[in-house]
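Engineer: Sequence:
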Amino acid sequence: MSRNKYRILAGAQEIDITPAMGIQISGDIGRKRSAEYVTDPIYVKALVVSSGQKSACIITMDVLAVDKTSCETIRNSIHHDYGIEKAAIMIHALQNHSAPAVGKVSVSDYFESAGLEKYVPEDCSWLFGEEKVYTAFVIAQTLSAVADAHGNMQEVFLSHHRAIDGRVAVNRRYVMRDGSVKGEPAHLDPNILFCEGPIDPEIGIVLMQNDKLETIAVILNYAMHPCAGYNHNYISADWPGSWASMMKQHLGESCIPIVINGFCGNLVNMNPLDPDQDRQAERLRYNKADDNMPNPRNWGPDKEVSAKKLTESTMRSLSDYYLVKSKPYSIKTGCIDYISEIIHIPYRTMNKDLVEQARNLVDSFSEPDWVDATKTAVKWDWYYALSRLDLVKMVHETKVFDYEVQVLKICDIAFVAVAGEPFIEGQLEIKRRCSGKNIIAAHMCHHYAGYLPTERALVGGGYETDMSMGSKLYAGALQDVIDKAVELVNRLF
17 MSRNKYRILA GAQEIDITPA MGIQISGDIG RKRSAEYVTD PIYVKALVVS SGQKSACIIT
77 MDVLAVDKTS CETIRNSIHH DYGIEKAAIM IHALQNHSAP AVGKVSVSDY FESAGLEKYV
137 PEDCSWLFGE EKVYTAFVIA QTLSAVADAH GNMQEVFLSH HRAIDGRVAV NRRYVMRDGS
197 VKGEPAHLDP NILFCEGPID PEIGIVLMQN DKLETIAVIL NYAMHPCAGY NHNYISADWP
257 GSWASMMKQH LGESCIPIVI NGFCGNLVNM NPLDPDQDRQ AERLRYNKAD DNMPNPRNWG
317 PDKEVSAKKL TESTMRSLSD YYLVKSKPYS IKTGCIDYIS EIIHIPYRTM NKDLVEQARN
377 LVDSFSEPDW VDATKTAVKW DWYYALSRLD LVKMVHETKV FDYEVQVLKI CDIAFVAVAG
437 EPFIEGQLEI KRRCSGKNII AAHMCHHYAG YLPTERALVG GGYETDMSMG SKLYAGALQD
497 VIDKAVELVN RLF
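The numbers in the numbering used here rise by one with no breaks, and the one at position 230 of the sequence shown is 246.
The hints are simulated quantities; they were obtained by calculation from the structure and are not laboratory data.
For every residue, glycine included, the Cβ atom is placed at its ideal position computed from N, Cα and C.
Mixed in with the good hints, there may be bad ones.
As the list claims (entries may be wrong) - With a cut-off of at most 25 Å between alpha-carbon atoms, the simulated SDA-like pairs for lysine to any residue come out as follows:
no.: 1; residue 1: K84; residue 2: K21
no.: 2; residue 1: K70; residue 2: S346
no.: 3; residue 1: K148; residue 2: L132
no.: 4; residue 1: K21; residue 2: T85
no.: 5; residue 1: K21; residue 2: G68
no.: 6; residue 1: K148; residue 2: S346
no.: 7; residue 1: K409; residue 2: S346
no.: 8; residue 1: K134; residue 2: L370
Claimed, not checked - Label pairs and their in silico Cβ distance ranges:
no.: 9; residue 1: T365; residue 2: D205; range: 32 to 38 Å
no.: 10; residue 1: M192; residue 2: T365; range: 24 to 30 Å
no.: 11; residue 1: S270; residue 2: I208; range: 29 to 35 Å
no.: 12; residue 1: R193; residue 2: R332; range: 56 to 62 Å
Generate coordinates for the entire structure from the input sequences, incorporating the hints supplied.
Structural biologist: Quick look at the structure:
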C-alpha cells in the first residue's frame, strides 16, 4: 500500500438514472428485452478533483455503453460551466448488461445513409435504435451530478491501495480438445482443454478522506464483465452496484463509492471449471420461477457473491490504513495533469464474399429473419449480416477509426481510459511496462469501439472476433492502444 497521502480538493456525487419500465435493456444481440422490474437502482457518479491549478472530472455510468455524441455534449457543457479541459474529463460506462445504453451504439452514423433502415420495421426500433428520451435524461442527470460534486469540493487526503483477489474474474475463452476456441463453453464441458488467457487479480483502491477521517469517496477498480443479470428482463447495477453498496456500509453513508471497470473484453464471472458454481441464490432472492428466467447460463455466481468477495479483499487491504497512528505517512501536495490523443486505427479487411453473403441474406427476407412467430428475436446470421453492411459503409466513409486514449494523472495514480472492449492482456501489458506506477485502467470510455482482441485470439476465432460493428479493427489495434497508453503515462510521470 502507499505510504504517501496527497492533499487535494475533491467532491463527489451520485444520482439515480434508473429508467422507466419497458425500455430496451442493452447487452444482448437481436432480442427484444424490455425492462419489467428493478432489483436495484443504477446511478451516474461524478468526481471532481483540483490541485488549485488544474482540475479533472471522472464520470461513471451504470449502463452498457455511451456514444461519442453524448460524451461530447457532456464534455462541452462541463468545460463551459467549470473551465475543466475536455482532455481532463473521463466518461466511463461500466458495460452493465442489465441496463440500457446511452446514445446510439449498435450502429454507425451511416446506417441510414447506407439505406439499411428499410430492413428494420418501424415497430422494431429495439433492434438497433437509440432510446432518445433516456439519453437526454442521463445527460441531464450527469450534469447535475457534476454540478453537485463541483459544489461540494473540500480538502481531502488521497491515498492509493492495492488488493489481490483471484476468486472472482474468469477468462471466458477456452481452447477445446479439437483445437478450436470457444467462448463461455458449457459448465464442466469435458471437451475443454485449457483456458486461453489470464485475468488481472488486482483491485485498485483510491481513498479520499477529509480531516475528520470521513471518507467522501472511494474509487474501486477491477476488470470483469457485469453480466450476472444477462439475459433477464430486470434493471440492476450488477456486481459493481453491489460492491459499491457493500463498501458504503463499511465506509459510511457519506462515502460515494465509484467503480471503474478495467479491460474486461474476455473476462466474466462464470467459471466452467468450477463444479460448485450455480445460481440457486439468485433464483431464491428474486423469487422468480425458472420459466421467468430464460438465461441459458443457468450456472455461475450471482452479483452479490462476486461483490462480497471483492469487498472482503478491499477491506482487508484498507484495514492496515486505518491503523493511522502506527503507520508513518508522508503528506504531499497533490498534483493533477492530463493528456488525451486520437490514434487512427485501420479497420480489419472484410472479405468480398462475406459482404456479398451479407447482402444476399438480408435481401432474401421481406422482414427480419425472426427466430419464431413471436417476433421478439432475430437470428444472429441476419443481425450480423446487417451489421456488416453498416460497417462497409462506415469504412468507405471514414477510412480509419479515430480512437481516443486518455491518461489522467491524479497525484501518484495514472488513470488510463480507453474505448471499447480491449482484452485483459492489454491492461496487464500496460501495467508491466509502467512498472512502479499505480495504474487504474478503464475501458468503454469516450465512444464505442467494439472488441479489441489479441492477435492470437483473432487467429483462434470466437464471438469477440466475428467481423461486425462489434469487432472491426485490424489485428494490431490492441497493441497500438497499449503503446500509446504507455507513451502517455510516461509523458505525465
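Engineer: Run every hint past the structure and note whether it holds.
Structural biologist: Tested hints:
1. K84 - K21: violated (35 Å)
2. K70 - S346: holds (22 Å)
3. K148 - L132: holds (20 Å)
4. K21 - T85: Violated, at about 37 Å.
5. K21 - G68: Satisfied, since the Cα-Cα distance of roughly 17 Å is no more than 25 Å.
6. K148 - S346: violated (49 Å)
7. K409 - S346: With a Cα-Cα distance of about 56 Å, the restraint between K409 and S346 is violated, given a limit of 25 Å.
8. K134 - L370: Measuring from Cα to Cα gives roughly 21 Å; hence the hint holds.
9. T365 - D205: 32 to 38 Å: With a Cβ separation near 33 Å, T365 and D205 satisfy 32 to 38 Å, so the hint holds.
10. M192 - T365: 24 to 30 Å: holds (27 Å)
11. S270 - I208: 29 to 35 Å: violated (47 Å)
12. R193 - R332: 56 to 62 Å: Cβ of R193 to Cβ of R332: about 39 Å, so the range 56 to 62 Å is violated.
The structure fails hints 1, 4, 6, 7, 11 and 12 (numbered hints given earlier, in ascending order).
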